[in-house]
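Here the numbering used here is used: the first residue of the sequence shown is 1, the next is one more, and so on.
Because the hints were derived from the structure by calculation, they are not lab data. Warning: the hint list may mix true and false statements.
Dumping the calculated DMTMM-like pairs for lysine to aspartate or glutamate here, alpha-carbon to alpha-carbon at most 20 Å [what the hints assert, rightly or not]:
#1 126 / 78
#2 79 / 41
#3 126 / 166
#4 74 / 119
#5 126 / 52
#6 79 / 43
#7 54 / 166
#8 126 / 220
#9 81 / 66
#10 54 / 78
#11 55 / 69
#12 81 / 134
#13 79 / 66
#14 126 / 69
#15 55 / 41
#16 74 / 134
#17 55 / 220
#18 4 / 166
#19 54 / 66
#20 101 / 112
#21 74 / 48
#22 54 / 43
#23 4 / 52
#24 79 / 166
Ranges of calculated distance between the beta carbons of each label pair, as one might list FRET restraints [to be verified]:
#25 7 / 82: 17 to 23 Å
#26 235 / 86: 15 to 21 Å
#27 251 / 180: 23 to 29 Å
#28 154 / 250: 33 to 39 Å
#29 56 / 79: 21 to 27 Å
Just so it is clear, CB atoms sit at the ideal spot from N, CA and C, and this is done for glycine as well.
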Amino acid sequence: MALKSLSGKIALVTGAGQNIGRGIALSLSASGAIIVVNGRDNEGLVSETVAEIKKNGGNAVGYMADISDPISVKTLIDKTKSDLGGLDILICNAGLRRQTKFLDMSFSEWREILSVALDGAFLLTKAAVPLLMDRGGGSIVALSGISHHIGTVNRCHVSASKAGLEGLMRSLAVELAPYGITCNCIAPGMINTVRGKASGERPTNSGGNTIPMQRMGSVEEVASLVNLIVGPNGGFTTGQTLHINGGAFLT
């Protein structure tokens, strides 16, 4: 049987209890990686992801952690190292979705959104990079989005956090390249997820124009793109934001 492209690699995926995070975890596992499934609040969803990976013949563990808390992040990374021996791939997917008008937005809500998406990515990367260096290199991918590129109402905090992620990954790409570590963003547009359905979103951009491809993207399509850039053929791709949005935003 042919060797899978990520055999022997250890991947940590945050926000992996459902939606895009779960899809990424399943995809990386199907390529041979051992998966650390992380979630913050719903241990049941994390357990479901772990169980699905194992049902499909993969190897996974579930670790609960609040990635906005430095102590919790340290514990998560330390446990990954002690239990699995190291880390090769970090996927910063966790984030919160809120819709609040700017004039009604409290500072506490602003901070809540940024603390998970942006602070969390900083804390995770800071803690994880030494493990990637020990392995001779690795891959870091952050999930950003489309809102800060096209402008959306009631989500300025989400847009700010995602724009910050792209800046963080670009800077880290330069700093960490000498260590063989690639850093990229994946920027999904409208993706058909449970969360997307619950919010009543439709396949249109903020200006009301229909997505050129006339459909939402799938979780599997996003996961496949992540799989590509962390795999053996993605080693020369770094500092990039890769858009997957059906033509809703063109760059």
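Right, here's what the structure says about each hint:
For the proposed pair residue 126 and residue 78, the alpha carbon gap of about 13 Å is at most 20 Å, so the pair holds. For a cut-off of 20 Å, the pair hint linking residue 79 to residue 41 stands: about 18 Å separates their Cα positions. For the given pair, residue 126 sits about 16 Å from residue 166 by alpha-carbon distance, which is consistent with the 20 Å threshold. As the CA atoms of residue 74 and residue 119 are separated by approximately 14 Å, the hinted pair is consistent with the 20 Å bound.
Between residue 126 and residue 52, the direct Cα distance comes to roughly 30 Å. Violation of the 20 Å bound is thereby established for this hinted pair. Proximity of residue 79 to residue 43 is assessed by CA-CA distance (about 17 Å); at most 20 Å being required, the pair is judged to hold. Distance hint between residue 54 and residue 166 is unfulfilled; the C-alpha atoms sit about 33 Å from each other, more than 20 Å. Among the hinted pairs, residue 126 with residue 220 is inconsistent with the structure: their alpha-carbon atoms are about 29 Å apart, more than 20 Å.
For the hint linking residue 81 to residue 66, the alpha-carbon distance of about 18 Å falls within 20 Å, and the restraint holds. Of the supplied pair hints, the one linking residue 54 and residue 78 is violated, its CA atoms being roughly 23 Å apart against a limit of 20 Å. For the given pair, residue 55 sits about 32 Å from residue 69 by alpha-carbon distance, which is inconsistent with the 20 Å threshold. The straight-line distance between the Cα atoms of residue 81 and residue 134 is roughly 11 Å, inside the 20 Å bound, and the hint therefore holds.
Distance restraint check for residue 79 and residue 66: the Cα-Cα separation of roughly 14 Å lies within the 20 Å cut-off, and the hinted pair is therefore satisfied. A distance of roughly 13 Å separates the Cα atoms of residue 126 and residue 69; the hinted pair therefore holds under the 20 Å criterion. Distance hint between residue 55 and residue 41 is unfulfilled; the C-alpha atoms sit about 23 Å from each other, more than 20 Å. At roughly 17 Å between alpha-carbon atoms, residue 74 and residue 134 fall within 20 Å of each other, so this suggested pair holds.
Under the criterion of a C-alpha separation no larger than 20 Å, the hint pairing residue 55 with residue 220 is consistent with the structure, at around 18 Å. Taking the CA atoms of residue 4 and residue 166, the gap is near 30 Å; set against the 20 Å cutoff, the hint is violated. For the hint pairing residue 54 with residue 66, the CA-to-CA distance comes to about 24 Å; that exceeds 20 Å, so the pair is violated. Note on residue 101 and residue 112: the hinted pairing holds, with a Cα-Cα distance of about 15 Å set against a maximum of 20 Å.
Under the criterion of a C-alpha separation no larger than 20 Å, the hint pairing residue 74 with residue 48 is inconsistent with the structure, at around 24 Å. This hinted pair checks out: residue 54 and residue 43 have alpha carbons roughly 17 Å apart, not beyond 20 Å. Only pairs whose Cα atoms come within 20 Å are accepted, and residue 4 paired with residue 52 is accepted, the gap being roughly 19 Å. Our distance criterion of 20 Å between C-alpha atoms is broken by residue 79 and residue 166, whose separation comes to about 28 Å.
Take residue 7 and residue 82: their Cβ atoms lie about 22 Å apart, and the range 17 to 23 Å holds. Look at residue 235 against residue 86: about 18 Å separates their beta carbons, and that is inside 15 to 21 Å. Distance hint check for residue 251 and residue 180: the Cβ-Cβ separation is about 27 Å, which falls inside the suggested range of 23 to 29 Å. For the pair residue 154 and residue 250, the supplied restraint of 33 to 39 Å is violated, since their beta-carbon distance comes to about 24 Å.
Taking the beta carbon of each, residue 56 and residue 79 are about 24 Å apart, inside 21 to 27 Å as hinted.
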